[in-house]
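Heads up: the sequence lines are chains V and A, in that order. Its first residue numbered 1, the first sequence is counted upward by one per residue in this note's numbering. Its first residue numbered 1, the second sequence is counted upward by one per residue in this note's numbering.
By construction, these hints were calculated from the structure, which means they are not laboratory data. The structure displayed is predicted, hence computed values, not measured ones. Don't take every hint at face value.
Straight-line distance between alpha carbons at most 30 angstroms, and here's what the computed DSS-like set of lysine-lysine pairs gives [stated by the list, open to error]:
#, chain 1, residue 1, chain 2, residue 2
1, A, K106, V, K427
2, V, K427, A, K146
3, V, K171, A, K20
4, A, K106, V, K460
Label pairs and their computed distance ranges (CB to CB) [claimed, not checked]:
#, chain 1, residue 1, chain 2, residue 2, range
5, A, A11, V, S253, 37 to 47 angstroms
6, V, P376, A, S55, 53 to 63 angstroms
7, V, E465, A, S111, 30 to 40 angstroms
8, A, G137, V, A452, 28 to 38 angstroms
9, A, E100, V, E169, 54 to 64 angstroms
10, V, T104, A, A11, 51 to 61 angstroms
Partial list, computed: chain A residues near chain V (C-beta under 7 angstroms) [to be verified]:
#, residue
11, H60
12, V62
13, S89
14, R90
15, C123
16, G125
17, S128
Here a beta-carbon is modelled for each residue, glycine too, at the ideal position from N, C-alpha and C.
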Amino acid sequence: MSALRIYVPGDAAAVACGADEIAAAIGALAAKRKVDVEIVRNGSRGMHWLEPMLEVTTAKGRIAYGPVGLDDVDSVFAAMLASGGEHELRIGVPEEHPFLKRQTRLTFARCGIVDPRSLDDYRAHGGYQGLMGALKAPHSIVEEVTQSGLRGRGGAGFPTGIKWKTVAETKAAQKYIVCNADEGDSGTFADRMIMEGDPFVLIEGMTIAGIAVGATKGYVYIRSEYPHAIAVMNDAIAAARKGGMLGGSVAGSQFAFDLEVRVGAGAYVCGEETSLLESLEGKRGEVRAKPPLPAHQGLFGLPTVINNVLSFAAVPIILEKGAAFYKHFGMGRSRGTMPIQLAGNIKYAGLYETAFGVTLGELVDDIGGGTASGRPVRAVQVGGPLGAYFPRALFDTPFDYEAFAKRDGLIGHGGVVVFDDTVDMAKQARFAMEFCAVESCGKCTPCRIGSARGVETVDKIRRGEAREQNVTVLKDLCNTMKFGSLCALGGFTPYPVMSALTHFPEDFGMTPRLQAAE
Amino acid sequence: MDEKALWNAEAAAELIAAHKGRDGALLPILQELQETFGHIPDAAVPLVAETLNLSRAEVHGVVTFYHDFRKKPAGRHILKLCRAEACQSRGGDALADRAEQKLGVKFGETSADGRITLESVYCLGLCSVSPSATIDGRIVARLDDKKLDALIAETGR
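Chain A on its own, in the form it takes in the complex (with noise of 0.2 angstroms):
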């Protein structure tokens, strides 16, 4: 995993500003705030809302509309499951089920002690040796019940 910053409205503005002027920011200016602080907080938008000359609805619209981006912080670590049908086709519902039983958490959530948060993604392009996943942005493939619990632990180190 990588450490992300805490919130901080002043580098946030400056990290905004830099890319005024160009066409279509909002989405990069979104993206690079949300890798920078880990997530999208409500104090975001004003500032964004403001530089591009937005209503603060438009930015809240955006922000909601895309499954990418998250308001709240996400655990420490990460992992997403792809679900599509390629990935069914090998197994892919067990797997995931067993995700949810190990981790004690349902899909979208994240563990009660912050370590890891559970996710869907639809598609990794990896459908040729699926089921596949990542873990903190790593790709896995050819995914089984030994592999995705050693993923699991990897993250309790």
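Here chain V stands alone, though its shape is the one from the complex (with noise of 0.2 angstroms):
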């Protein structure tokens, strides 16, 4: 008889439930019992709150239990003996939970599902498809990239295609292919499942723009914060190496390609593309002025293109399937799927992908259930610390580039934090100064002085000291730091300032503005 097959994730918000421990127990038990146990390390389903759910596979395919407590494991390890058999903690086909089975998977579609660290599990699960299919036609790679209409997952949207081509039309005797991985943006942890769940979709996305723009190097940046992810990533680079999907012959083609992980050292700004230029350079992270672009006089000042990892990760099923397969999911200009993250005061945390369209109130209820304490929704934060606070006045706002940008926010990286009613509003206002104040680069004076004074001047508001004149001065600041800024860090800092007192006025001792009669 085959060993029994139990997954047990070792992504890192598993691993922070208890994860590692949970997967000991039923080694150690699995071996006092004489039962020939395999256990997988997969990546996260995204159904957060059950972590660490674990799952069996059975006849009838695989069933999940959770979330799986030390105390459980011996129940939990019986249920599972009796090819998933019934526990109080049953789940049951993970496919078949509402949550999983609403989404619209295309760049998650194998997370959580395969061993992260198995070429071969990532083959026998559709992986390196797209790479097949750009190898037969490596010169309509930048075309079909451009017609599926993918724009920039990091936040600002750019279509992925131009900035290709811009790449590729540069001559240089050497190019580079950079991926952002330097995910700061507190709400936000799908960079991290992808690096955790399904690294070979990263490595594959980024080969294939390799071969797109005739760039033979590659650099994965990633945060100093994300360790697990640090190490999957090296694990699944040396595996493609090692498959000869990496190297000086990728797949047998005349393309070579390879990749480096480097490790950044807890600067926020560095998730801004030229300052991590910068920093992999071996410099202070701070950030250049634009023109030159990143795609003429990017890393050591040679053409680069440098994307976010959901960006690089959607590419291998556009290549796969066609760009008109993945233009036809969405709406407007915001072509293909999202992996939005469900965070902070929400019942059904976790990552839930789906076409753009979805309204924040569909999601924040409907989906996610509303808050985890019980209390009401009072304000939801869209895009990170530089997004908005939308109260539920704004809750049919469709999940879209466009639509977000006429309210004043950002749908930034996908985030989606939402607060109960004990939130002081001015408090996150303050914190959205402070947060500046502190990763400030100290390039540019608007970010750099701005966001003291705005720190000073909240304060402040918050005193009640010359509470009219202050929030004057406020906007004035927030004008100044949105127009004066280098980047998007001093930049975008005042759309949560400015959300928080436009929609809480009360938080700061003003007068509530008058509800629009509906």
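Mind docking these for me? Both chains are given alone in their own frames, and the hints should help you get the complex.
Next up, the structure:
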């Protein structure tokens, strides 16, 4: 009889909830009972309120249990032995769970399913089909990516194909592919999940980019706060190299491409692309003025494609199934799917990948189930620390780059952080300014000085000191930062501040605005 | 916690030399120095500068730019609490106050007995299972008063 295959996620969210201890306990239990068990450390399916969520392979498919605590290991193991038998923590077939069933998983198709360190498993689940297609027609890669409508998933939403085209058309002896895996936004973890759960999809996407633009070397810049992602990426790169998918001849073709992981050092601003390039070069992570664009003069002054993890990870399926398939999903100019991250005070927190167009209200109330605390939802910050706070009144906003921009917000990297009615929005506005002050690279004045003055001004407003005048000062500061900063750190910090002030004036001691009669 | 080696200029020079010729070598060198010795003492700066043909000011500038690098040794244990929005939404601020009170130090400080350093971190990517923290690099989520107290007690053993 073959070994009983048990999945215990190695994803950091599961590990932080005790998955390592549970994996060890199951191993010990199996040894004691002399049961032949194979423990796979998969990624997470993204239903994080159920983590650690264990799965067992049965004749009827995989059966999940969760959230499993150390005290539950004995009884869950017994249920697993009874070919996925009953247990109070039994979830059943994961794909049948409404949270997963309603999603459209293109980028996250394999995450949580495969063994992230196994190249064979990746191939067995459809991996490297995109690269095979790309190798057959290398000159049409850029056109395919352009036609798909894919836009940068890091936050700026710039068309990926156009960026690639610029690099492809720039002549140079050496070009680079750089992956921005400096996922520093609070409320986001999709990059981490891909790197920990399906790293080969990122490797494949970057390899395709290299072939498309004529680059032979790539870097994955991962933040130091992600040690698990760093470990899995390094193992996967080594496995890809060993399997002939990276190196002097990618998959036996005439194309060479290799990858290296570089680790950040705790600077939020290095998530900004030019600051990241400076950091990769071994310098202070200070933002560069643009132009020149990284596509012309990027890493070490050479033409460079720099994209977010999710942008690269979307590429293999576009090359596999075609631009039309990908473009078919979404709304307006936001094509394809977005891995949305439900975080903070929300009942069903986790990763929800869906076509653009879902409304904020559906995400928070319907899919997310409201707050975890059971209190009313008061504010939702979308797009990380530089994203706007949305009140309930704007819950009809569809998840779409332009729709959010129209309401003075941004979707950023797709993080959704929910707050209940105990939140003090003036305090949140102060935090936004404080965070900017702590993380500012210091190169431009509006960001460096504006944020420090911003903290002081919010403090004065909260103390009730010349309130009206200081609100005017705060608005003026925000205006200067928005239009005078070099990058999005200083430029977007006004979003959380101004949205808090506009939608929740009562928290600043101001008169609430009249509700529009509808 | 893992033991760190005492500063040794020869060992440091050897470590630095191993990275020579690598593109953008400065960050990997500084990271390995800190990993080995627990901090980056001033004495390391001229060594690195000479090997990479940089000025001491340039190396100093990089060491001081990044939050990860420390110029003085930390306590025997390092507790990092996430202070970002997703953790705030689940009571992170109250936990931060509690940690300061229990340890008798402010964020960024080390307890007088050298037992523990308390630091802020802005996001561990555990925003769906917040609030979160790390203790000597080990990640812990769904933190509450009880769990925080247990982490602090652990460092006293």
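Quick rundown of the hints versus the structure:
no.: 1; hint: A/K106 x V/K427; result: holds (20 angstroms)
no.: 2; hint: V/K427 x A/K146; result: holds (26 angstroms)
no.: 3; hint: V/K171 x A/K20; result: holds (29 angstroms)
no.: 4; hint: A/K106 x V/K460; result: holds (24 angstroms)
no.: 5; hint: A/A11 x V/S253: 37 to 47 angstroms; result: holds (44 angstroms)
no.: 6; hint: V/P376 x A/S55: 53 to 63 angstroms; result: holds (57 angstroms)
no.: 7; hint: V/E465 x A/S111: 30 to 40 angstroms; result: holds (36 angstroms)
no.: 8; hint: A/G137 x V/A452: 28 to 38 angstroms; result: holds (32 angstroms)
no.: 9; hint: A/E100 x V/E169: 54 to 64 angstroms; result: holds (55 angstroms)
no.: 10; hint: V/T104 x A/A11: 51 to 61 angstroms; result: holds (54 angstroms)
no.: 11; hint: H60; result: violated (10 angstroms)
no.: 12; hint: V62; result: holds (6 angstroms)
no.: 13; hint: S89; result: holds (4 angstroms)
no.: 14; hint: R90; result: holds (6 angstroms)
no.: 15; hint: C123; result: holds (5 angstroms)
no.: 16; hint: G125; result: holds (4 angstroms)
no.: 17; hint: S128; result: holds (4 angstroms)
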